[in-house]
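Heads up: the sequence lines are chains L and R, in that order.
Here the UniProt record's numbering is used: the first residue of the first sequence is 1, the next is one more, and so on.
Here the UniProt record's numbering is used: the first residue of the second sequence is 1, the next is one more, and so on.
To be clear, the hints were calculated from the coordinates, so they are not data collected in a lab.
Everything hinted at is true.
From the structure, some residues in chain L lie toward chain R, with a derived Cβ separation under 8 Å: (1) 26; (2) 30; (3) 31; (4) 34; (5) 36; (6) 39; (7) 40; (8) 73; (9) 74; (10) 76; (11) 77; (12) 78; (13) 164; (14) 166; (15) 170; (16) 174.
Short, incomplete list of chain R residues facing chain L, as computed with Cβ under 8 Å: (17) 75; (18) 76; (19) 77; (20) 81; (21) 83; (22) 106; (23) 108; (24) 145; (25) 199; (26) 203; (27) 204; (28) 218; (29) 223.
The following label-pair restraints were derived from C-beta to C-beta distances: (30) L:111 x R:285: 52 to 58 Å; (31) R:118 x L:55: 19 to 25 Å; (32) R:9 x L:55: 22 to 28 Å; (33) L:138 x R:250: 51 to 57 Å.
Only a predicted model underlies this, so the values are computations on that prediction, with no experimental measurement involved.
In this text, a Cβ means the ideal position worked out from N, Cα and C, and glycines have one as well.
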Amino acid sequence: MLDAEFFRRWMTATAASVDREAERLTALDSPIGDADHGSNLQRGFTAVTAELEKEAPATPGAILILAGRQLISTVGGASGPLYGTLLRRTGKALGDAGEVGEDEFAKALRAGVDAVMTLGGAAPGDKTMIDALVPAVDALGDGFVAARAAAEEGAVATTPLQARKGRASYLGERSIGHQDPGATSSALLIAALTEAAGE
Amino acid sequence: MKMLINVAESVVADALRGMAAAHPELVVDVDKRVIVRRDAPVAGKVGLVSGGGSGHEPLHGGFVGPGMLSAACPGEVFTSPVPDQMVRAAAAVDSGAGVLFIVKNYTGDVLNFDMAAELAEDEGIQVAKVLVNDDVAVTDSLYTAGRRGTGATLFVEKIAGAAADEGQPLEQVEAIGRQVNDNSRSFGVALSACTTPAKGSPTFDLPPGELELGIGIHGEPGRERRAMMTSGEIADFAVGAVLEDMTPRNPVLVLVNGMGGTPLLELYGFNAEVQRVLAERGVAVARTLVGNYVTSLDMAGASVTLCQVDEELLRLWDAPVNTPGLRWGM
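Could you put together the complete structure from these sequences and hints?
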């Protein structure tokens, strides 16, 4: 079972890994975007951990809802609403249970990913965060380690694609040959699950 | 890259402090990041709120004032503001006549303004939206995020601003804003990449002998790269690209807009070439504006925006305006 403490560790581990990888995310965003993905997410997740230290929600759902709301009001750009919606809708789907099973979490995360697809209008293959998140959710039934591998593979697989959503889409064919920064940061979020679980 | 800043993290806040000091006619909330006309809300007047990433100055904060925007929300550099800022701005300028959001077509701006519209409506504020998407360099298809919003933003903000100042109702101001956007097309070129404070080095690599065609306003590369051309050749290309997409039946407003790093000497010279091309193509020019209005930090380059106007739109364009970045007739 996954308790509130697990979800708090998930957010903290994500924040730490976004900190570590901020420069790499920004470098990936530079040839096809506007070179700020790392610094924007860093600002958001720093605010999330600060908020979680101040306020201590008792349930997994409440933690993710709080984190999502915090991302929406600090990140800006497309990443704010998209990551914010991902966490908020996952949190909402978890309801007010004090602990959730891994299957339940997988179902809730799928609801969150579906909400992101609806909001951003992106589908798999559009070279966005969805390309890491969908395979991760599909693999989540086999555990966090499998989900992490699937997300990383999904992120790498965005390289040969032509972007069809977001700012990279303005480049048309010139977006080909670059790994998508959003898919890369999504892979970090999923990888942080294994850290939170101590795997 | 040398920059006149303290640290990257405080660039936007520092600029807002300086703006507040220079423009007492504006209320600048540095913490909440909202710039509002001091006399807002104006009774019976539709509030005009725009915003987007910082780095495009004077857009949008520099266009707040009588005859144009009621409030602006600056985001981080090249990053959309967050819904909290927009809701705050809407609440500050709503006199009960409603608020029009003017939104450039970027995924982040659209998502954040849509979230803000929902929240503002929950607070009882009537909100309408005009989406600006004038950039012909981007293919508008199911497979892109649609055309970018660039230079036409100035035309929409000015003309809708004049309509709002006359006391026209929300749906009318919205309709005028949409009409201006529908009548406008832009194309931009870059002679250099820009440098964001966070990154500290140029966002893309552009060798001295080359230029980027079809750029946006966020330091992203354009649709193709070519060997450097003369001002006249660039005008032929840029105006040609715009006219491939529109056939003006009326006179046009012309905006020859600098991207931030090109001096006026060059922009005026470029404008001479733009006017030549328009004359050759038989396009009548009603008014021309030359300067740095919708910029991309220190990027060298320029964009051309045309907006075809009837008598009514031209009357609203000529109406008095008094903002830090645009001022005439008063």
